[in-house]
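Dock chain B against the given chain A, drawing on the hints supplied.
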Amino acid sequence: MKTLVLGLGNDLLADDAIGLLAVDELENRLAGRADVVGTSRHGLALLEFFVGYHRAIVMDSVRTLRHAPGTIIELEGGALRPVRIASPHFAGWPEMLHLAHELGITFPPRVRIFAMEVADTSTIGGSMTPAVRRALPELCARVCQAVDQW
Amino acid sequence: MTRHIVIDPITRLEGHGKIDVILNDQGEVDHAYFQVPELRGFEKFAQGRPAEDMPQITSRICGVCPMAHHMAATKALDDLYQIEPAPAARVIRELAYNTFMFEDHALHFYFLGGPDFIVGPTAPKDQRNVLGVVAKVGVEVGKKVIAMRRAARDLISLLAGKVIHPVFGLPGGVSRQVRAEEQERAVQVARQAVEFAEFTLGAFHDIVLKNRQYVALITSPAYTHQTYYMGLVDEKNRVNFYDGAVRVVTPQGKEYARFQARDYLKHIAEHVEPWSFMKFCYLKNVGWKGFEEAPASGVYAVAPLARLNVSDGMPTPKAQAAYEEFFGTLGPRPVHHTLATHWARVIELLCAAEMMLQLAQSPLLVDPNIRNIPTAKPAEGIGIVEAPRGTLIHHYATDEKGVITMANLIVATQNNAARIAMSVDRAAKALIKGGQADDGVLNMIEMAFRAYDPCNGCATHSLPGHMPLLLRIYDPRHRLVNEIRRAGGFTDFQGRGAERAGATEK
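So the protein lines, in turn, are chains A and B.
Residue numbers 7 to 156, in our numbering, belong to the letters of the first sequence in order.
Residue numbers 4 to 509, in our numbering, belong to the letters of the second sequence in order.
Just so you know, the hints here were simulated from the structure itself, not pulled from any lab data.
We put the beta carbon where it would ideally sit given N, CA and C, even for glycine.
Keep in mind that the hints are not guaranteed to be accurate.
[Stated by the list, open to error] Below, computed lysine-lysine pairings styled on DSBU-like, alpha-carbon distance capped at 35 angstroms:
1) B/Lys239 x B/Lys269
2) A/Lys8 x B/Lys147
3) B/Lys139 x A/Lys8
4) B/Lys146 x B/Lys213
5) B/Lys257 x B/Lys287
6) B/Lys432 x B/Lys213
7) B/Lys282 x B/Lys292
8) B/Lys432 x A/Lys8
9) B/Lys213 x B/Lys257
[Claimed, not checked] Quick list of simulated restraints, FRET-style, between CB atoms:
10) A/Glu144 x B/Leu483: 38 to 46 angstroms
11) B/Val142 x A/Val43: 50 to 58 angstroms
12) A/Glu144 x B/Glu328: 56 to 64 angstroms
13) A/Glu82 x B/Thr408: 48 to 56 angstroms
14) B/Thr332 x A/Thr112: 34 to 42 angstroms
Here chain A stands alone, though its shape is the one from the complex (with noise of 0.2 angstroms):
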């Protein structure tokens, strides 16, 4: 049973480097049990990341305006919609998702999503926001009941 973690943001945008900073956090405590990677790429390009997985987490920071920064949200990857894309710039994961179902590759049939509110995403080398940062542990330790309590 092949497990990937894999952590998104980009970690000169402030918050946006969430996800990274939790990798570095998992890759020793997860060694063995799961495949952590990090990635500031996006859309469909993170399609071929997930090939040949069983089970996926996917960590990301996500600016819903309804939570607290810091606050922790799980979804389930099948449940967000997709949407007509105008380019690779704007293709997301619904989208790759679908794709990868459609495709019929071997693609984990179940992949969660640990995304946390965050305020701010835009300030380049902006530093990261207080509660966001505080957070981190917790990302951390749900990810790894995750793995271990699949």
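Chain B only, in chain A's frame:
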């Protein structure tokens, strides 16, 4: 008449692509503005940082093409430290770069340009997406695309050192040599790539070129603009993605300028409009005459079509044959039909694959001398590459310790920005009558700018990501009469959002 255009900060927060349409007294479109409400910031951020960090920093500008920024920055460092890369390093860089060009073009053609051409411009809306493409070309082809891209990506990781960002570019060379067994793998991937590209060109023939309706659409006046073109060429004026001179041709196809990276500011200037954060590039020596076509206007275009237009041929035999067929069919050179960009992209896909094979077979690839150590004092460096979406320029000035004091980046979408604005304006004028518009208008406008594959995150040097569209129609007194929105939910979920759906609201 005074017209007041407001860029709504809420809209900016949400990262919408925003189109404001101003009507005249007769209710017809006076002008349409395609706005990019995002702020630039990377150039400022770079100041005070060591120049050697730039390949790492700028590769984070874009989640789609990190390699293009990494390579432009690396070449700017060569120039900054006045050092030629070691011959082996050049081969390694070029192989990685052509592999990147190959994987990016494959992604765009099948999954992004595909909805218009493979599925068909008149197909029902719910089929005009990635899944429609798969349905049309077949699941096996879809799988082939994924497998091929993965092999290409693995090769890039092997050469460039890291999946998350390339880290191999250093002034005067690269950080890691290629071993003999790795060369075998590279040759193997390159052979697959050539075969894949030939297959793709065949598919384009069967699906697009044999369909008269598609060809009529490509050549229709709605998607045609007479402008100048710009792109890198080698010493024989053939397409080159990695290096060469910048060549500009007139709308009649005559060479207008041919210059080295160092001289770019003598030829390119940036025009500012009050309604966009984008700076619009134009040819300095022709001048800015507004969003007008040639010959008086200095508006020019970059990207696959422009690269073919400025070149006398392709550097590889199979791509050369495809190039001849392209101009034989749509010519003479230059071809002004924006939608022909999709065809040009497939020809470049083949070119990149053939270049991969040539470079992978080079004995220099495994040469252990991968670095020339710089000794010159830094002052100023400029690097230019052809990104998949067109000419990309990195320009840095530093103090004598190599700390950045000024950075200027001109990305492909800025070069194309004026022409994209013209395409959107033309589409709006053709499609919005009496102030009436529907979701179909968005589709047609999207098609106009999709061919350029604009990266507005890159162009404003800010966060790239999902871009919902917002179209607002104003009467001559600037009262909002109609609003069409393709909404976005989450603003910054890299996998992008929940609960997004198209909605039309008044």
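Evaluation of the provided hints:
{"no.": "1", "hint": "B/Lys239 x B/Lys269", "in the structure": "23 angstroms, holds"}
{"no.": "2", "hint": "A/Lys8 x B/Lys147", "in the structure": "23 angstroms, holds"}
{"no.": "3", "hint": "B/Lys139 x A/Lys8", "in the structure": "32 angstroms, holds"}
{"no.": "4", "hint": "B/Lys146 x B/Lys213", "in the structure": "25 angstroms, holds"}
{"no.": "5", "hint": "B/Lys257 x B/Lys287", "in the structure": "17 angstroms, holds"}
{"no.": "6", "hint": "B/Lys432 x B/Lys213", "in the structure": "30 angstroms, holds"}
{"no.": "7", "hint": "B/Lys282 x B/Lys292", "in the structure": "15 angstroms, holds"}
{"no.": "8", "hint": "B/Lys432 x A/Lys8", "in the structure": "54 angstroms, violated"}
{"no.": "9", "hint": "B/Lys213 x B/Lys257", "in the structure": "31 angstroms, holds"}
{"no.": "10", "hint": "A/Glu144 x B/Leu483: 38 to 46 angstroms", "in the structure": "44 angstroms, holds"}
{"no.": "11", "hint": "B/Val142 x A/Val43: 50 to 58 angstroms", "in the structure": "27 angstroms, violated"}
{"no.": "12", "hint": "A/Glu144 x B/Glu328: 56 to 64 angstroms", "in the structure": "59 angstroms, holds"}
{"no.": "13", "hint": "A/Glu82 x B/Thr408: 48 to 56 angstroms", "in the structure": "49 angstroms, holds"}
{"no.": "14", "hint": "B/Thr332 x A/Thr112: 34 to 42 angstroms", "in the structure": "41 angstroms, holds"}
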